[in-house]
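All chains should be modelled from the sequences, with the hints used to inform the complete structure.
Protein chains: 2
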Amino acid sequence: QSIISPNPRLHVSLDERRSSSKHPVASRLFDLMIAKKSNLCVAADFSSFDEVIKLAESIGPKIVVLKIHVDILEDFTLAKMKQLKKVAKSHEFLIMEDRKFADIANTVHQQFHGGVYQISEWADLVTAHPLPGPEMITHMFGDSSSDSRDTCGCVLILEMSTKNALTNPDYAKEGAKWGLMASDVVAGFVAQSPPDSDFSGWIQFTPGVNSASKTGDSKGQQYCSPAEAVLERGADIIIVGRGLINSSDVVATAENYRTEGWAALTQRITNP
Amino acid sequence: QSIISPNPRLHVSLDERRSSSKHPVASRLFDLMIAKKSNLCVAADFSSFDEVIKLAESIGPKIVVLKIHVDILEDFTLAKMKQLKKVAKSHEFLIMEDRKFADIANTVHQQFHGGVYQISEWADLVTAHPLPGPEMITHMFGDSSSDSRDTCGCVLILEMSTKNALTNPDYAKEGAKWGLMASDVVAGFVAQSPPDSDFSGWIQFTPGVNSASKTGDSKGQQYCSPAEAVLERGADIIIVGRGLINSSDVVATAENYRTEGWAALTQRITNP
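Protein chains in written order, with our numbering: chain F, 13 to 284; chain B, 13 to 284.
I should point out that these hints are in silico values taken from the structure, not numbers from a laboratory. One or more of the hints may lead you astray.
[As the list claims (entries may be wrong)] Simulated crosslink set (DSS-like; lysine-lysine; CA at most 30 Å straight-line):
#, chain 1, residue 1, chain 2, residue 2
1, B, 185, B, 34
2, F, 66, F, 48
3, B, 189, F, 185
4, F, 189, F, 34
5, F, 34, B, 231
6, F, 189, B, 185
7, B, 92, B, 66
8, B, 175, F, 34
9, B, 226, F, 189
10, F, 231, B, 185
11, F, 97, F, 34
12, F, 94, F, 49
13, B, 34, F, 231
14, F, 231, B, 189
15, F, 185, B, 231
16, B, 185, F, 185
17, F, 175, B, 189
18, F, 189, B, 175
19, B, 185, F, 175
20, F, 34, F, 101
21, F, 189, B, 231
22, B, 98, B, 66
23, B, 175, F, 175
24, B, 94, F, 92
25, B, 189, F, 189
26, B, 92, F, 92
27, F, 94, B, 92
28, B, 175, F, 185
29, B, 189, F, 226
30, B, 48, B, 94
31, F, 175, B, 34
Set out below in structure tokens:
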């Protein structure tokens, strides 16, 4: 396995990267990775919030980020979110709302701060597509005095893992450029390959990681292994979903992904 | 004002287009347009569901589609949605949930059918970005026996109205191709210009219509007039938001937009 890009971010120590980070949530995530020896994010795609909380309680010590889709939870309440936040605090992981914002700035601002979910009140990280243009990214948090700028980091989706996704190299390049310009609100990005940038302070999340399946699902999703994600695709954080949450022993499976993912990351940094 | 494309869709009568339509919701929308002499869609971007319902009751007779963002409503309940559905039935307009789906098929399926909102239970139209690839479009409705295929039409976002949006001509072209391939679930599209296709059975929605402002908002949104939208950009349906809902007399303003929009559409069809 070889690293496809000479991007310096890939071979810098997490300590160094932490100190060049420009977002408090990114700094916190580097701290958690180092302390927990983990680069594992689990996608808890259940329709029951109780099940999400149960999962978080059991695998919390192994992960650094729990990724959720708040809008697939049939029993969502802000009280249950408080419960999940408590679990996150005690086991020290971040909560990422994978909202994939993709609207005009005025609307995204309302979707982020308002409605039933009040995402900005509890999310440590939230995903957004650069599709609508750079103004959405800079305006979703409101003015520069807004609290949520420090408590929640935007994670830009530069590339998707699905077949025939329209996130081509030009698209990803433009999105990365805007992300760097807004590094006071953007903590990282989702990608299948390292973007053309040597800024090491932001964090690459790579979804579609599954050790058991090479082929993907029947609906266009494509999978890769933890080592492949980290060594060949530039992932700092691996996102594991169905490969873990559907396994019979989620704790043992989480430990396996943590070990594999962390070994690959250590190898990439120490043996460039 | 001249029409920028020789696209035959633009000059075909609504009756003819209705008969070539392949989606029951598109057929219904052509019927409503003809019966109400209206091509007006209003974006009811309030944070209060009660206000949305109040607006719908007053402007219902003027519009053919009410566009909402269910996730900005602070007081959302399924009971209030039932109330809105009743208003929609009595005043004969469709409800479009502007969700802008943009995830992998497995997730979008859950976001569309599940969660607190149960969008597929009440939406006549729902928007989606082609960004994740064609599999999302075909799989969001479930298998071919699913009820929601007949009761809800997907509206693909081919182009956005914001500054520097990444929905460039290649993007729009690819999205349009997929939309046509999935014409059993796609009722129309959102665009700022007519796509490269002569299929007249689907319907173009154009947002960012505002007679009072030429400049847009301060966050990247750009506006155009009803006549510009219909005659120069190929809109079948004009989407008016802040230009109407913030006006002091919403009924009079709705009547103005209905008249202007309908006159432009009639002119485009009869004087090509």
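Against the structure, the hints come out as follows:
1. Distance restraint check for residue 185 of chain B and residue 34 of chain B: the Cα-Cα separation of roughly 20 Å lies within the 30 Å cut-off, and the hinted pair is therefore satisfied.
2. Of the pairs offered as hints, the one joining residue 66 of chain F and residue 48 of chain F holds, with about 20 Å between alpha carbons and a cut-off of 30 Å not exceeded.
3. A hinted pair counts as satisfied when its Cα atoms are at most 30 Å apart, and residue 189 of chain B with residue 185 of chain F qualifies at roughly 24 Å.
4. Restraint check for residue 189 of chain F and residue 34 of chain F: satisfied, since their Cα atoms lie roughly 15 Å apart, inside the 30 Å limit.
5. In summary, the hint linking residue 34 of chain F to residue 231 of chain B is supported, as the alpha carbons are separated by about 24 Å, within the 30 Å threshold.
6. With a CA separation close to 24 Å, the supplied pair residue 189 of chain F and residue 185 of chain B stays within the 30 Å bound.
7. As the CA atoms of residue 92 of chain B and residue 66 of chain B are separated by approximately 12 Å, the hinted pair is consistent with the 30 Å bound.
8. At most 30 Å may separate the alpha-carbon atoms for a hinted pair to count; residue 175 of chain B and residue 34 of chain F meet this at roughly 26 Å.
9. This hinted pair checks out: residue 226 of chain B and residue 189 of chain F have alpha carbons roughly 29 Å apart, not beyond 30 Å.
10. Taking the CA atoms of residue 231 of chain F and residue 185 of chain B, the gap is about 22 Å. The hint holds against a cut of 30 Å.
11. Only pairs whose Cα atoms come within 30 Å are accepted, and residue 97 of chain F paired with residue 34 of chain F is accepted, the gap being roughly 24 Å.
12. A threshold of 30 Å between alpha carbons decides the hint, and for residue 94 of chain F with residue 49 of chain F the separation of about 26 Å falls inside it, so the pair holds.
13. Simply put, residue 34 of chain B and residue 231 of chain F have alpha-carbon atoms about 24 Å apart, close enough for the 30 Å limit, and the pair holds.
14. Our distance criterion of 30 Å between C-alpha atoms is met by residue 231 of chain F and residue 189 of chain B, whose separation comes to about 19 Å.
15. For the suggested pair residue 185 of chain F and residue 231 of chain B, the alpha carbons sit about 22 Å apart, so the restraint of at most 30 Å is met.
16. For the proposed pair residue 185 of chain B and residue 185 of chain F, the alpha carbon gap of about 20 Å is at most 30 Å, so the pair holds.
17. This hinted pair checks out: residue 175 of chain F and residue 189 of chain B have alpha carbons roughly 15 Å apart, not beyond 30 Å.
18. Taking the CA atoms of residue 189 of chain F and residue 175 of chain B, the gap is about 15 Å. The hint holds against a cut of 30 Å.
19. For the suggested pair residue 185 of chain B and residue 175 of chain F, the alpha carbons sit about 17 Å apart, so the restraint of at most 30 Å is met.
20. Between residue 34 of chain F and residue 101 of chain F, the direct Cα distance comes to roughly 23 Å. Compliance with the 30 Å bound is thereby established for this hinted pair.
21. Simply put, residue 189 of chain F and residue 231 of chain B have alpha-carbon atoms about 19 Å apart, close enough for the 30 Å limit, and the pair holds.
22. Distance check on the hinted pair: residue 98 of chain B and residue 66 of chain B sit about 12 Å apart at the alpha-carbon level, within 30 Å; holds.
23. For the proposed pair residue 175 of chain B and residue 175 of chain F, the alpha carbon gap of about 28 Å is at most 30 Å, so the pair holds.
24. The straight-line distance between the Cα atoms of residue 94 of chain B and residue 92 of chain F is roughly 26 Å, inside the 30 Å bound, and the hint therefore holds.
25. Annotation: proposed proximity of residue 189 of chain B to residue 189 of chain F holds, straight-line Cα distance about 29 Å (limit 30 Å).
26. Only pairs whose Cα atoms come within 30 Å are accepted, and residue 92 of chain B paired with residue 92 of chain F is accepted, the gap being roughly 23 Å.
27. With a CA separation close to 26 Å, the supplied pair residue 94 of chain F and residue 92 of chain B stays within the 30 Å bound.
28. For the hint pairing residue 175 of chain B with residue 185 of chain F, the CA-to-CA distance comes to about 17 Å; that is within 30 Å, so the pair holds.
29. This hinted pair checks out: residue 189 of chain B and residue 226 of chain F have alpha carbons roughly 29 Å apart, not beyond 30 Å.
30. Our distance criterion of 30 Å between C-alpha atoms is met by residue 48 of chain B and residue 94 of chain B, whose separation comes to about 23 Å.
31. Note on residue 175 of chain F and residue 34 of chain B: the hinted pairing holds, with a Cα-Cα distance of about 26 Å set against a maximum of 30 Å.
Violated hints: none; the structure is consistent with every hint.
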